[in-house]
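Colleague: Kindly generate the complete structure, drawing on both the sequences and the hints.
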Amino acid sequence: MHRLLVRIVVGLCTLALVTTTVTLADPAVFREPGPAVDTADDPASLAVAALAQTRHRDYTVTMVRTPSDGRVEFPLRLEMDNTDREYAVRRPDDPSTAYDDVVEYGNPYGSWAAFVPEPGPAAWRSDSREWGDVHLFGGPFELEARAVKRVRSNDSTVVLNVTDAAAVYRLFFHAPNATDRRPGLRAHAVVAVNRTAGAPRRVTVVTVEPTEDGGSPVRTRTVMRFHRWDATDVSRPDTIPYTATEMAEDVAELDGRLGVAE
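Residues in the sequence shown are numbered consecutively from 10, following our numbering.
For the record, the hints were derived by calculation from the structure and aren't laboratory data. All values reported here derive from a predicted model rather than from experimental measurement. A portion of the hints provided could be inaccurate.
Below 20 Å or equal to it, Euclidean Cα-Cα: the simulated SDA-like pairs (lysine to any residue) are [what the hints assert, rightly or not]: (1) K158 / T172; (2) K158 / T220; (3) K158 / E139; (4) K158 / P192; (5) K158 / F83; (6) K158 / V168.
Label-pair distances were calculated between CB atoms; the ranges are [as the list claims (entries may be wrong)]: (7) G79 / E151: 28 to 38 Å; (8) R161 / F83: 22 to 32 Å; (9) D142 / S225: 30 to 40 Å; (10) R190 / D242: 35 to 45 Å; (11) D50 / A240: 19 to 29 Å; (12) V160 / E218: 16 to 26 Å; (13) P192 / P149: 15 to 25 Å; (14) R237 / G79: 21 to 31 Å; (15) E151 / P76: 28 to 38 Å; (16) R155 / T220: 23 to 33 Å; (17) R211 / D136: 26 to 36 Å; (18) R230 / E255: 34 to 44 Å; (19) R191 / K158: 17 to 27 Å; (20) G193 / E255: 25 to 35 Å.
Here a beta-carbon is modelled for each residue, glycine too, at the ideal position from N, C-alpha and C.
Modeller: Shown next as structure tokens:
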């Protein structure tokens, strides 16, 4: 991963300022090792270790949410680069089209959302999403043994079923107290773990929510398909401006490489 171009103003003992363009490499020092995934572990331990990989490794996931009426909602693709702490979200204009355009980009310094003025190319505006909020699954990564069952397994995949509704809302929807606030919520999640990758291959979450008017409960199915474990590399869109903090840190890093004394 390479940082895009940054401007460094250098004083050369005159009042003239010379602007130099430098490309800096992002040091891959941010990624921390995740928990080891052993498919022979008990179902709860395996599910926790597999889901926790999303906090430590690079991956791509496509997500589709389908209510009981069959409409496709919120199709998106999340590209997570934990190595360099960058992410990008792509959404298609139509579920049948490719995920071509980045509509959201972020890193620990900020996040930006794209919008398309009429007429004109996509522009960017600063968003309020914090880096800690972009993780796909919420913590803590804990599951009771009774909450997870091993459904089936073969040479490539182990399939687990998380049956505790409170844990499902906490892990998959970042809603740790959902079942306390709304009695009657039901949910389960089927987690398919890829033995070779030691990470999720597919997660299917089914929720059943009561309606306020006492009508038929609303059933929703969310499918997450994972790809490119350890091979996802996010590139910052060219038109997103750098923050002052990023520029200052790049200058400090360049000084360190060049051995510039403070």
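Colleague: Next, verify each hint and record whether it holds.
Modeller: Right, here's what the structure says about each hint:
{"no.": "1", "hint": "K158 / T172", "verdict": "holds, 8 Å"}
{"no.": "2", "hint": "K158 / T220", "verdict": "violated, 29 Å"}
{"no.": "3", "hint": "K158 / E139", "verdict": "violated, 34 Å"}
{"no.": "4", "hint": "K158 / P192", "verdict": "violated, 24 Å"}
{"no.": "5", "hint": "K158 / F83", "verdict": "violated, 29 Å"}
{"no.": "6", "hint": "K158 / V168", "verdict": "holds, 9 Å"}
{"no.": "7", "hint": "G79 / E151: 28 to 38 Å", "verdict": "holds, 35 Å"}
{"no.": "8", "hint": "R161 / F83: 22 to 32 Å", "verdict": "holds, 29 Å"}
{"no.": "9", "hint": "D142 / S225: 30 to 40 Å", "verdict": "holds, 33 Å"}
{"no.": "10", "hint": "R190 / D242: 35 to 45 Å", "verdict": "holds, 39 Å"}
{"no.": "11", "hint": "D50 / A240: 19 to 29 Å", "verdict": "holds, 25 Å"}
{"no.": "12", "hint": "V160 / E218: 16 to 26 Å", "verdict": "holds, 24 Å"}
{"no.": "13", "hint": "P192 / P149: 15 to 25 Å", "verdict": "holds, 23 Å"}
{"no.": "14", "hint": "R237 / G79: 21 to 31 Å", "verdict": "holds, 29 Å"}
{"no.": "15", "hint": "E151 / P76: 28 to 38 Å", "verdict": "holds, 29 Å"}
{"no.": "16", "hint": "R155 / T220: 23 to 33 Å", "verdict": "holds, 29 Å"}
{"no.": "17", "hint": "R211 / D136: 26 to 36 Å", "verdict": "holds, 29 Å"}
{"no.": "18", "hint": "R230 / E255: 34 to 44 Å", "verdict": "holds, 40 Å"}
{"no.": "19", "hint": "R191 / K158: 17 to 27 Å", "verdict": "holds, 25 Å"}
{"no.": "20", "hint": "G193 / E255: 25 to 35 Å", "verdict": "violated, 47 Å"}
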